[in-house]
Amino acid sequence: MKYLSEYRNPELVEKYLELIFHVTTKQWKLMEICGGQTHSLVKNGILDMLPGQITMVHGPGCPVCVTPISIIDEAIYLAQQSGIIICSFGDMLRVPGSKKNLLEAKAEGADVRILYSPLDAVQLAKENPGKEIVFFAVGFETTAPANALSIVQAHKSGIRNYSILASHVLVPPAMEALLSDKENEIDAFLAAGHVCTIMGMEEYHPIAEKYKTPVVITGFEPVDLLQGILMAVQQLENGEYKVENQYVRYVQRAGNRLAKEMMMEVFAVSDRIWRGIGNIPQSGYEVNEQYKQYNARVKFKLNLPVAEENKDCISGEIMKGLKKPFQCPNFGTACKPEHPLGAPMVSSEGTCAAYYHYASAKEPEEII
Amino acid sequence: MCLAIPGKLLSVTVQLDDTFRQGKVSFGGIIKEVNLSMVPEANVGDYVLVHVGVAIGRVDEEEAQQTFEYLKRMGEVDEIADEEKSTQ
Ligand code: SF4
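Chains as they are written, first to last, in the working numbering: chain S, 1 to 368; chain P, 369 to 456.
Among the clues, some could well be false.
[Claimed, not checked] Below 20 angstroms or equal to it, Euclidean Cα-Cα: the simulated EDC-like pairs (lysine to aspartate or glutamate) are: (1) 400/P <-> 120/S; (2) 260/S <-> 430/P; (3) 126/S <-> 409/P; (4) 156/S <-> 385/P; (5) 29/S <-> 18/S; (6) 260/S <-> 286/S.
By construction, these hints were calculated from the structure, which means they are not laboratory data.
With the sequences and hints as input, model every part of the structure.
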C-alpha cells in the first residue's frame, strides 16, 4: 500500500542500520513515546538489530496503559447503571479495574459495546433516544480531536443523550515528568509522529532546550524508526539537542490547525493521574464548562474514591525506562494477555504485550 | 488504538457545510467512510491519514520522498568523510 510498503523496504533498513553502526561510538538510551512505535520496534526485531551501545526504552506511550484504575472503575460504575450504554475502543474492555474489567461487567449484564470511532457512538445515541450513550474517550492528542468532534457533532445535531468519560493524556507534560525524575537516564526521545500530526513541533523546543535532550519526531514503519534513531544518535554524538522532524510526510511545524481548534472548543487542560506514574499536572483534557452537559462525570455526578494501583505490577518503572518487562516477576506467568495484571499487558501497543507476543520465546539476555 | 493509517480518498459523499465533510477512503482495497472535517485541503486522489474514523492529515507527496533523499545525502556525506579520512 502506498506510503506503507516503501517504508518497510529491507534494503533501506539495511542501509540505515549501517549508518547507525557507523555513527555510534558511545552508550545511549533512547525512549520512544508511542505504543505504536514500541509495537513496531519489537515486532520487526529492530531492538536486536541495533548496535549494543543503543538501548531503546519504552515510554508511557499507550493511552490504554496509562488510564488509571479509578477511571476504569468509573466506566464500570456507569456501565452498571440501567439505561446507560458504555462504548469504547476494544482494548479498554480488558484493562483491569480495582475489582473487575468492563468485559466482566458486560458478562454480568452491563451494556458495553466496542466501537471503532467516537462518531459511531453519536450515531448510536441518535438511534437510541431512550438510552444514555457514554463514550469512554481515551487517547493522546492524536485521538482527542475525534473525541472533540463527536461532541461538536452531537451538539450541532441536538443530540442530548450523549456524553464522554474523558481519559485524555498529553505527551509533552509526561516527557517533562520523566526528564525531571531524579532516576532519569533518558538521553534522547523519539516523539510520537501522529501526536505531532495534530500538535506540530513547537511544544518540544522548550523541553529539548531545558533538559538538553534531543527530540526527533518519528514515524512508525521500520525505515522511519531507524531514520529517527539515526537522527537522534547523530545529535547525541555531536553534543546537540534539537527538535528534528523525521516524519515530514505527515507532520507540519504548526500541526493541524483545525484539529487543534476543535479540541480547544470542547476541552480544557486538566491534571491527570497516569497509571504507574501518578499525577502529572496539566497533562490531560477534560470537557470544558461550556460543553459540560457532554461530560459524563458532571452528567452522572461521578464521585468515586481514588483506587489503589496493583502493587504487583511494575508498569511505572517500565514506562519510566528503568526496567524491561521480563524484569517483572509476573511477566508471562501471573500476567499474560489472557489475564493481565496491568494495562501494558492488555493493549497490543502495551510494552509488556509487545514483548510477550514477539519476544517471549527468547532468553532475556538476547532481548536486551 | 493510536494507529493511524494512510488511505486514498476516492470520493466526497457528504458536504454539510464548509467544514463538515465525509468521504470514502480506500485502504488497499478496503473502503471505509471517513470524516474529512479536519483536512479541508484534501482532494479526491490524495492520501489521507485516518485515525478512529477521522482523517487527521494529508500526506505531503514531496515530503514523502525525503526519507529516501535523506539517505542519499547521508551516503554522500559519508563518502566525503571517507575521502577526508583517506587523504589525512
Ligand atoms: S508484566 Fe504484567 S504485571 Fe508486570 S509490569 Fe507488565 S503488565 Fe504489569
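Hints versus structure:
Distance restraint check for residue 400/P and residue 120/S: the Cα-Cα separation of roughly 13 angstroms lies within the 20 angstroms cut-off, and the hinted pair is therefore satisfied. Of the supplied pair hints, the one linking residue 260/S and residue 430/P is violated, its CA atoms being roughly 24 angstroms apart against a limit of 20 angstroms. The straight-line distance between the Cα atoms of residue 126/S and residue 409/P is roughly 30 angstroms, outside the 20 angstroms bound, and the hint therefore fails. At most 20 angstroms may separate the alpha-carbon atoms for a hinted pair to count; residue 156/S and residue 385/P meet this at roughly 12 angstroms.
About 19 angstroms separates the Cα atoms of residue 29/S and residue 18/S, which keeps this hinted pair within 20 angstroms; it holds. This hinted pair checks out: residue 260/S and residue 286/S have alpha carbons roughly 15 angstroms apart, not beyond 20 angstroms.
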